[in-house]
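Asker: Grab the two chains, each in its own frame, and use the hints to assemble them into the complex.
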Amino acid sequence: MRAQSEWAGARGAFEWRRAPALVRYAVIIGLLLVGWQLYVWGAHVSPLLVSSPVDVGRALLADVLNRKIPDATAATLGNLIVGIAIGGLAGFGLASVAVFSAVGYDVLSVLIAVMNPLPSIAILPLAMIWFGITPKSIVLVVALATVWPVAINTDAGFRSISPTTQMVARNLGLSHLRMVVGVLLPAALPFILAGLKAAWAFGWRTVVAAELVFGVAGSTGGLGWYINNARYYLLVPDIFAGLIVISILGIAVDLVFGVIEQRTVVRWGMKTAK
Amino acid sequence: MPDRSSVPLVTARDVTLKYGTFCAVDRASFTVHRGEKFVIIGPSGCGKTTLLKAIAGFIRPADGSILVNGVPIAAPGPDRAVVFQDFEQLFAWHTVLGNVTYALAAAKGVRGAEGRERTRQMLELVGIAHAADRYPHQLSGGMKQRAAIARALALEPQILLMDEPFGALDEITRSHLQVELNEIWRRTGVTIILVTHSISEAVFLGHRVLVMSEHSGRVREIVDTGAAEEWGSEAFREISDHLRTLLIAPEGAAPRVSARVGRETP
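Chains as they are written, first to last, in my numbering: chain A, 11 to 284; chain B, 6 to 271.
Only chain B is shown next, with the shape it has when bound in the complex (with noise of 0.2 Å):
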């Protein structure tokens, strides 16, 4: 279980973003703590991508503060490494193995045998390594994305951000990853904040989900899944309905409760 005594590592205080005078994220205030598994919920063009890419650094705050470890984030930076949904993320004219090495050395100076070794490492672990000779063209949707993973946990980063990694893809390719993006975090314990619109794969993979509503850019409320991560049981189904009941009930409508949720405000 995440460590949550410690000073978080993401603090979000009043964060407002804006794209020119649209405001897309209206003062969010959350905190993510070391080790966990924190998951942005909301529809379409709610502002949740946004977000991502302010922790990510390509957005600035328009107002408020975004703290990793204490420090405004400056600029993007391989310690928060991203995966995104769409497949271009890998670089057309590098094999699987040359899009983790070129990343390796770019941004870590991390060459030669050492390189080589950890690629091989990252690629066995999220189980692409067979084809690591390929390039990205001649690779299915899955295998793309279990790529660009490889890619980004390469760079050892202190937070994994996912923007909808598996949204492009079909159910049954989904759900494998789904399981084995909970299984890489096991083993390798790294912080991994990831926006979705799938409220299954938000309760699977949150220890707390944030839930985000629909047109004004604001957080809604903050979930605690209670890591129930066992599809069909009692837990999954009642979070599932609590988050159902949050991003369907219009604003103000006091969502029905369950006793056994646990919540937060944020």
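Just chain A, with the same shape it has in the complex (with noise of 0.2 Å):
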């Protein structure tokens, strides 16, 4: 959710700020879906190439109830949860290697530099290559899109670090290990779950592009799959339900997000509600 600004509504706007968020986005959403409607409507636009919010709305409560859509989720937030795990932890622990070590921070800097560029998916042919088509194929290209952004934004956390947090930590004696999960971890916590974010938008994007090219051939096939599935039998409505889907997972996403920041970092002071 993003803040208002204090322009906004600032000249009456009868009250659209006092309603609550929930009925303001709902009601902005329900406008979409009527102008949508009553532009497919109205224009006589080819139902093979748009399909109304009407068919739409149909095609995907009966791929809900058939299952279609839910197996089609479960397969893509699997794939996506591992490798993001796989990636997240690559990450961290590289930069905690870093934050100790003066060759290990050289390593992470020109590992950045020279894998940070390359948009992740390019590596599906050469992993396809290694694994066939296969979800190990889909959590490898996922783990790479995400182990440089949490890398990233992990490292610049530890840097951020005060002083004087450092010194007390040295203090009591931690060990390395007990330094970077009861101090850095949690000092950097903002940075690390900012570097998460990135990785989920990168994570989303990679894993729907790779069970796009995997098309029709996949078994067990995601929400790319379903998609591209529905363009190959040109089931319009499907392809945008499948849009919807990714759209409405996407905005869940967010929302944990929100509640995990309102637990520890809002929580702790360290970042000011929204």
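Please keep in mind that the hints were generated in silico from the structure rather than gathered at the bench.
Check each hint, because a few of them may be wrong.
Unchecked claim - As a list, the in silico SDA-like pairs of lysine to any residue whose alpha-carbon atoms are at most 20 Å apart:
(1) Lys207(A) / Arg273(A)
(2) Lys281(A) / Leu144(B)
(3) Lys146(A) / Gly88(A)
(4) Lys78(A) / Arg65(B)
(5) Lys146(A) / Lys113(B)
(6) Lys113(B) / Gly88(A)
(7) Lys113(B) / Gly183(A)
(8) Lys207(A) / Glu93(B)
(9) Lys281(A) / Tyr140(B)
(10) Lys113(B) / Gln176(A)
(11) Lys281(A) / Lys23(B)
(12) Lys113(B) / Ser185(A)
(13) Lys281(A) / His142(B)
(14) Lys23(B) / Met177(A)
(15) Lys207(A) / Leu144(B)
(16) Lys23(B) / His38(B)
(17) Lys113(B) / Met177(A)
(18) Lys113(B) / Leu121(A)
(19) Lys23(B) / Leu265(A)
(20) Lys281(A) / Leu265(A)
(21) Lys281(A) / Lys113(B)
(22) Lys113(B) / Leu187(A)
(23) Lys78(A) / Ala97(B)
(24) Lys113(B) / Val191(A)
(25) Lys207(A) / Arg188(A)
(26) Lys78(A) / Ala240(A)
(27) Lys113(B) / Arg180(A)
(28) Lys113(B) / Ala240(A)
(29) Lys113(B) / Thr175(A)
Stated by the list, open to error - To give an idea of the chain A side of the interface with chain B (calculated C-beta under 7 Å), a few residues:
(30) Asn181
(31) Leu184
(32) Ser185
Even for Gly, the Cβ is constructed at its ideal location relative to N, Cα and C.
Answerer: See the structure below:
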């Protein structure tokens, strides 16, 4: 949720600001859907190009009930979560080594410089040669998409920790491992969460793109596969339904991050509440 | 009164501390006795904090040695617990209680009921038990410093190192905490080495005051305050005047020395 500027509604926006956020957003989404429906009706656009919201809703409901969409969602999220877990842990580990070792820092700098500019989806052909058209290939590209944002942000977070905090940790005589888990991780958490958010965003794009490339050849398809399959059979409402599911999942993940922030960095006074 | 008959707790011999080529402390020698309140005073940038950091083990001497119990300092450790001026010294992700219990568990391996009991005692000692469940950002500056002192004392250090601990507080809070620090010292008997640039704080808190000169990073003099801690008393004023003279008069100029002020050469 974005914060409203002080200018919004400064002049007679008939109590818009006082309505609950959920109501405000629901009204906007409702208006968008009505506009979409009116466009499809009014412009006589071919249903093979643009489906109406009503048709999309029908397709969505049908494929949720026949478990096509839940299964595809589970497959996508499964690959995504495993990939992000591997990439995130690797990124955090690299940054943790880099904070204590000058060589580690140089290795991380070179790896980031070389690997970060590569769109990880570009690795997919190579991954398919190594692992075939299997979830392993997707997990690999997702991990590669997430390791660098997490490493970069974690490293920046570690380096932003105040000298006093570092001295307190050293004064307690903590081992490196304890320092990482007990001090560096929580002290850099605002940065690490920002890195994980970026990782989710990259991971999402990558996983859907990878599933699209797999196309109908895939056996246990995710949402990308579902969309591509719908294209293959010219089921346009299904394509829209897949896109809507992806969007809803993105919103849900954002909300989860909001809750995590609320319970950690906001509660600790490291970040002001939105 | 501190026990001065025994072997000194801290012995600094010709300690030279450098940042690169810049010499922050030049051949400082002094001893600190068990149970003593030892104050290091000097203007900003004179190297007093550097000296404290060296005792804490954050900086290694370029030359000379600092011994604690006759052993050279190798690394920082909880036997020399540090209280900093910076309010950020508390871990923001722990409550006041959590800050103390975490330090006890991580540094001393004291956990569970024993950890909680010792934490409670320390929070009561420094008068912050009522705020045990608050996070640091919900505390005033004075409360943060109390919590930091509780955390340091919970470690049962041989020496409590304090780097201008009240420097960022308002004067009223500072006065309260100065009085309470003397009370804490009476109850625990812990050896305290405190860095300050406040003359009245030095006289009020210190048994002896090491005066550093402004630019050279040398020890100017070590002044015995005779435990003058009664504000406005004759002794308090005389020692304050003496310290002021030492701090302000250019090096080489003979400071006015009062007959009643005990002096030691470093």
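Asker: It remains to establish, for every hint, whether it holds in the given structure.
Answerer: Outcome of the hint check:
no.	hint	result
1	Lys207(A) / Arg273(A)	holds (16 Å)
2	Lys281(A) / Leu144(B)	holds (16 Å)
3	Lys146(A) / Gly88(A)	holds (11 Å)
4	Lys78(A) / Arg65(B)	violated (66 Å)
5	Lys146(A) / Lys113(B)	violated (45 Å)
6	Lys113(B) / Gly88(A)	violated (42 Å)
7	Lys113(B) / Gly183(A)	holds (9 Å)
8	Lys207(A) / Glu93(B)	violated (27 Å)
9	Lys281(A) / Tyr140(B)	holds (13 Å)
10	Lys113(B) / Gln176(A)	holds (18 Å)
11	Lys281(A) / Lys23(B)	violated (37 Å)
12	Lys113(B) / Ser185(A)	holds (13 Å)
13	Lys281(A) / His142(B)	holds (11 Å)
14	Lys23(B) / Met177(A)	holds (18 Å)
15	Lys207(A) / Leu144(B)	violated (31 Å)
16	Lys23(B) / His38(B)	violated (26 Å)
17	Lys113(B) / Met177(A)	holds (17 Å)
18	Lys113(B) / Leu121(A)	violated (39 Å)
19	Lys23(B) / Leu265(A)	violated (51 Å)
20	Lys281(A) / Leu265(A)	holds (17 Å)
21	Lys281(A) / Lys113(B)	violated (31 Å)
22	Lys113(B) / Leu187(A)	holds (16 Å)
23	Lys78(A) / Ala97(B)	violated (46 Å)
24	Lys113(B) / Val191(A)	holds (17 Å)
25	Lys207(A) / Arg188(A)	violated (25 Å)
26	Lys78(A) / Ala240(A)	holds (11 Å)
27	Lys113(B) / Arg180(A)	holds (14 Å)
28	Lys113(B) / Ala240(A)	violated (62 Å)
29	Lys113(B) / Thr175(A)	holds (19 Å)
30	Asn181	holds (5 Å)
31	Leu184	holds (6 Å)
32	Ser185	violated (9 Å)
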